[in-house]
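Asker: Each chain, letter by letter, is given below.
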Amino acid sequence: FLGAGGGNDIQWCFSQVKGAVDDDVAEADIISTVEFNHSGELLATGDKGGRVVIFQQEQENKTQSHSRGEYNVYSTFQSHEPEFDYLKSLEIEEKINKIRWLPQKNAAQFLLSTNDKTIKLWKISERDKRPEGYNLKEEDGRYRDPTTVTTLRVPVFRPMDLMVEASPRRIFANAHTYHINSISINSDYETYLSADDLRINLWHLEITDRSFNIVDIKPANMEELTEVITAAEFHPNSCSTFVYSSSKGTIRLCDMRAAALCDRHSKLFEEPEDPSNRSFFSEIISSISDVKFSHSGRYMMTRDYLSVKIWDLNMENRPVETYQVHEYLRSKLCSLYENDCIFDKFECCWNGLDRQVEFSVIVMTGSYNNFFRMFDRNSKRDVTLEASRENNKPRTVLKPRKVCASGKRKKDEISVDSLDFNKKILHTAWHPKENIIAVATTNNLYIFQDKMN
Amino acid sequence: MLGKGGKRKFDEHEDGLEGKVVSPTDGPSKVSYTLQRQTIFNISLMKLYNHRPLTEPSLQKTVLINNMLRRIQEELKQEGSLRPMFVTASQPADPLSDNFREAQPAFSHLASSQPLLPTDFVSTMPLESCLTPASLLEDDTFCTSPTVPHDGPTKPPPPALQAVKDSFSTALDEIEELCPAPTSAEAVAAETAAEDSKAHPSESNIHRPPEGLPESRTAESKLMDSLPGNFEITASTGFLTDLTLDDILFADIDTSMYDFDPCTSATGAASKMAPVSADELLKTLAPYSSQPVTPNQPFKMDLTELDHIMEVLVGS
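Taken in order, these protein sequences are the chains called A and B.
Residue numbering for the first sequence follows my numbering, beginning at 1 and increasing consecutively.
Residue numbering for the second sequence follows my numbering, beginning at 1 and increasing consecutively.
It is worth saying that the hints were derived from the structure and are not from the lab.
Take the hints with a grain of salt, since some may be wrong.
[Claimed, not checked] Below, a list of computed lysine-lysine pairs in the BS3-like style, where the Cα atoms sit at most 25 Å apart:
(1) A/LYS248 / B/LYS61
(2) A/LYS248 / B/LYS77
(3) A/LYS88 / B/LYS61
Bound-form chain A, shown alone (with noise of 0.2 Å):
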């Protein structure tokens, strides 16, 4: 159970993996984003070459009371295509920067996903069945000479094996010239915002032509620019509301009925320095990688290169709990900047609810050797697991890990000196509604689950 106990005594087992086995990553099979629709029946993932790939959960199998439904593959598809600026002689990437679904209205599903540049409104639809018995065509399509046809006939709906289609119902581009690093959608599932490193717009979803621009943080002269925006997301409750991040560590929150342009926040949240930590890398670690309102909205949460921090949104001047991540690489950050890990943007996310639980009190984030962390705010307690193939037997329970800082390394635990780098998690997804994470390294995706007794 969450509540009270909290992540500690949620014991998590290896459910599933998806992606190759091999060692050899291509490149095109990074996962970049990972995220849970609304029901959490459907998880998409979006990678570096441009594709979606959504799992569905099968429905819970009442022999099989032991374990949760199986997540498999839904739908395929190429969401995003590289392309060429020509005007730059420099490419576009396709990777899939975010995935982000909309609440479900009808049979049909739909998500946004975008790259650098482009963001694009998918239809994902069944069908099961197709029409038969036309008159004037054959059932493999080719048309029947009209003076064969002597009597007529209805068409009929006749069952046929299940195809997942998706289709581009929207294509919202034009809008960016820096890269996009974030898309919410708004409460009021009518509008969205997309933001860059200098911008942030917003769109209607019925609307490809027209955005209008909301923040812009460009300096007339860009030998100025010391500050670019990381994060945006909108409340989840009021559709005024969002805030954005910056690359100094600061959070803003502007409310769109201000003014047009929202170049003055209502609110900035910023926690002075530490005298005791300062370095060269301290502007750099305290650039904010990823932001998530809680479910509530009363607080959101912020992940920076070593730490979580919850705010709580009527106090600006400090986040009202820390949790260090890997305060272990704080002597490493030289190294880390040498090889660029110290830019590496995890992301983090909340727990979800369920009728135990009602807020949000379980924060997940990822770091490197592909271990994750978890931070109960209720009784203090953190984990770290690690997602490997190795303890891949369903209903395996993790077994936590621990990195040894310094001295004597004790059993079973890892030095900092022997983790792998190169095997970072930077995207976690939480189901909405059940004790199901998925985990992504880097290129495959764990699911885990509570063990049900």
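With chain A held as given, fit chain B onto it using these hints.
Answerer: Same frame as chain A, now just chain B:
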């Protein structure tokens, strides 16, 4: 100024570079602070200019690296304004040039020159953020543009080259006017070439003319100031490989002495960096310059002058 020599203990858990950053006011640790700062400065430059993506580089990354460079520059400027008296300190030219020939990492000549320092320098403590070993200063002063006296007694270039320097500084100014984009590239080249040529004044006499570019301090300070302004290059200009500074100025220079592997940033833990010569940097910068240098005439005149001088110097 005599003081007790302070012994530095090797901390098993930390590299000199990786360990907790020391405050700039600690005496013996001032050296490792400066060393670390220099390392980070070098790494930052390499990141900005040794990167040839097919796609646009991340603006966030560029901004963060630029901010790092700016901060270090600011610090150096402030320190420079406190210690002009040390600019005249002795130049351990030969040991440094030996180090350079051995092709050690760019910053190691700082490290290896430390034993040359009198221990009293190293052990002095309070307030004396300006008490930095001279050899470190030499490298630092390149980054300290406006405050270092141009005509100061520091290592004046050999008189014979004054004329060359002037023509080069004017040539450089002309280049600047023509190609605003590559100036930041030049700044990098200028800064590093200055480092290298300062490191080996004796042997560099022969090679001085082509690398005389960086000797021009006024141009250099202008370039250093424009260093951070490379967003437009990476963000809005293409990587067209038209005629470049490299082609014009360095075409005839024998660069076999400078052969080494270019530094790549995609390595694991802190890797040693190959020395960065101006040549190497400019070669990597070549794809980034977006404007052709059109008027060749002024350069051609200077080049013939140079050839003449080179012949005189080499004695051929």
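Asker: Hint by hint, note whether the structure agrees.
Answerer: Hint check:
1. A/LYS248 / B/LYS61: Given that 25 Å is the threshold and the Cα spacing comes to 12 Å, the pair holds.
2. A/LYS248 / B/LYS77: 23 Å, holds
3. A/LYS88 / B/LYS61: 19 Å, holds
Violation of the numbered hints given earlier is absent; every hint is satisfied by the structure.
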